[in-house]
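Take these sequences, add in the hints, and give me the full structure.
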Amino acid sequence: MADLELQNIQKSYGATKVLHDINLKIDDGEFVVFVGPSGCGKSTLLRLIAGLDDITGGELFIGGQPSKKLSPKQRNIAMVFQSYALYPQMTVAENMGFSLSLERRPKPEIREKVEEAARTLKLEALLDRKPGQLSGGQRQRVAIGRAIVRNPQVFLLDEPLSNLDAALRTETRVEIGELHQRLKTTMIYVTHDQVEAMTMADRIVILNAGRIEQVGTPMELYNSPATEFVASFIGSPKMNLITGPAASEYQAVTIGIRPEHFDIVTDAPHWQGQITLVERLGHNTIVYARVPDVGPVTISLEGQHDYEVGQTVGLGADLSKVHRFDSAGRPVG
Amino acid sequence: MAARYLVFGVLALIAFLMTAPSAMTLFTALKPPEELIRPAWTPPTAITFENFGRVWTDGGFRRYFLNTVLISTVDAIVMIVLASMTAYAMVFMSFRGKLALQVLFVVGLMIPVTAIILPLYTTVRSLGLINTHLGVIFADLALAMPVFVFMFSSYFVSIPKALHEAARVDGATELQIYRRVVMPISIPAIITTGLLEFMWSWNDLLLRLVLLPRDGMRTLSVGLLNFQGVQTRDVAGISAGAVIMAIPVILLFLFFQRHFVRGMTAGAVK
Ligand SMILES: Nc1ncnc2c1ncn2[C@@H]1O[C@H](COP(=O)(O)OP(=O)(O)OP(=O)(O)O)[C@@H](O)[C@H]1O
Ligand SMILES: [Mg+2]
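Taken in sequence, the protein lines are chains A and B.
Under the numbering used here, think of the first position of the first sequence as 1, with each following residue one higher.
Under the numbering used here, think of the first position of the second sequence as 1001, with each following residue one higher.
Among the clues, some could well be false.
[To be verified] Have a look at the derived ranges for each label pair, beta carbon to beta carbon:
no. : chain 1 : residue 1 : chain 2 : residue 2 : range
1   : B       : Glu1174   : A       : Gly29     : 31 to 41 Å
2   : B       : Glu1174   : A       : Met1      : 51 to 61 Å
3   : A       : Asn151    : B       : Gly1108   : 46 to 56 Å
4   : B       : Arg1258   : A       : Gln133    : 16 to 26 Å
5   : B       : Met1085   : A       : Lys184    : 56 to 66 Å
6   : B       : Arg1179   : A       : Pro66     : 26 to 36 Å
7   : A       : Lys69     : B       : Lys1098   : 18 to 28 Å
8   : A       : Val174    : B       : Arg1179   : 51 to 61 Å
9   : B       : Val1078   : A       : Asp54     : 31 to 41 Å
10  : A       : Pro296    : B       : Lys1098   : 46 to 56 Å
[Unchecked claim] No farther apart than 27 Å at their CA atoms in a straight line, the calculated lysine-lysine pairs in the DSSO-like style are these:
no. : chain 1 : residue 1 : chain 2 : residue 2
11  : A       : Lys73     : A       : Lys130
12  : A       : Lys68     : B       : Lys1098
13  : A       : Lys25     : A       : Lys184
14  : A       : Lys25     : A       : Lys68
15  : A       : Lys184    : A       : Lys113
16  : A       : Lys73     : A       : Lys184
17  : A       : Lys73     : B       : Lys1098
18  : A       : Lys238    : B       : Lys1161
19  : A       : Lys107    : A       : Lys122
20  : A       : Lys107    : A       : Lys68
21  : A       : Lys68     : A       : Lys184
22  : B       : Lys1161   : A       : Lys130
23  : A       : Lys25     : B       : Lys1098
24  : A       : Lys113    : A       : Lys130
25  : A       : Lys68     : A       : Lys122
26  : A       : Lys69     : A       : Lys107
27  : B       : Lys1098   : B       : Lys1161
28  : B       : Lys1161   : A       : Lys321
29  : A       : Lys107    : B       : Lys1098
30  : A       : Lys107    : A       : Lys130
31  : B       : Lys1098   : A       : Lys69
32  : A       : Lys122    : A       : Lys184
33  : A       : Lys69     : A       : Lys25
34  : A       : Lys17     : A       : Lys68
35  : B       : Lys1161   : A       : Lys68
36  : A       : Lys73     : A       : Lys107
37  : A       : Lys113    : A       : Lys238
Derived by calculation from the structure, the hints in this document are not laboratory data.
All residues carry an ideal CB built from backbone N, CA and C; glycine is no exception.
Below is the structure:
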């Protein structure tokens, strides 16, 4: 187990800079999620930490030790790849025990550790199969098993759930969370899915175009986004970002109001809007409306409601929860 | 229906034309001397193995056979190791001069042996390796290396990079990744390389003729020439020799056929 520190980490491929001055401290045992849109540099940052790519500038400390020049092996990290990257010719047990066999550990010890990990991940029945004979979910477990067998200082996971279907993804998400509770090893988890980020992370690092936008706990990011980008990225459905005269009223260039902070009211409505679409999810109802001079607005209501498309309704907003941004996308005041 | 028969007819004709020379050679090899005056395409009425015995002992084919087996086996095995390691470095590792090396191999791919046979002879002689099997093996390896490096490379690029990276994270050295991750999933490429190099080495005449002047060192392909004088020809002897020479290659192909075909297409499709 170890803490990590990234100091002014930069990465360029030739002339193109893909990471600019990344500064980040990750505590021992923390579960940190890197999240951001496609191409923002999440995987690149993870690969730099793993030692799979060279760091162009800055310094990386793992457990207080400068690690920029160390090989992946010396860093004692384990990584779960998006494609799982299981060795096709080896059985599940051999895949999981590969790193230990490279260290020439005695066979009984390897078997014991592999079996222990297999028990944790409910893989005991599959130990003699080859990866080609497993389902996607099972392969994914083997990839995690291969990582935990080694008892590394840090776990790196690059979108480990993206090849699974929705139900399995939720299930595995919970399992990875539990695994972290039990192992208490530092984990860095990459995803582009903000729900995964919100549910799993101790802290979230939001990346955009090679820069860190904000670092904080899920609730910090939700309640006080440091930029317009973070505001729109965190939360589902997305925050309503409104510009123009409606925003000027609040002395801001852009105002942001989360769909769940809107309400449909009959008396003293803030705005009037015409409903364009209603999505009924059972536990909540999402109403899309068009407000003249404001634009499209998304409203998330608790419970079940019988609004119709075309209906004109009054909208009220919780004014204490309006986020105000200036022209640079920074919060006002 | 008529079209079908036409297709069958054409295919049968092609099959006949392709097998006929082999069949005639086999017939001739099995014929006693008195039957040799009959046309080559008539099967022997009385089968004899006397030609084989004569070629094997008096014709010196025992010696040639051993020489050939030795050279070809070493060629095949060493080629598998050398070409796969080179290709591994070129596909999975980054180092200075990689591009130059790639260009060198492409150039090597384009130069025909006949064009460089004389400089090759002088090189081998200056190493003192004329009349040694080692000299021939060196020349064989050097000449065919680009082809097989190319073959292994195109197989290796179809292996996901993440596999190499996973092994690095698992703590494997490049040599361990080569041995325990990459080579075990490259069996088709290994078999194809071994088989092709073995066969080329087995059948090659020019290099052996030039680099192995002494009879005791020579190979089957050169040995066959002994049965052909300027004026006379021992047709039955040549045929028996050719059959002896063909049998090991045929057996190898039958044995590895399945893998061979897969190896040829792998890397091309993906
Ligand atoms: N080997 C490379 N050479 C050049 N550019 C690269 C290389 N690898 C990545 N990049 C660039 O670096 C940027 C970041 O890539 P990265 O893979 O880290 O994105 P990501 O955030 O993981 O995206 P995704 O969510 O799609 O996986 C991209 O713009 C990509 O084009
Ligand atoms: Mg990525």
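When the structure is checked against the list of hints, which entries are broken? Sort them ascending. 2, 5, 8, 18, 20, 23, 25, 26, 28, 29, 37
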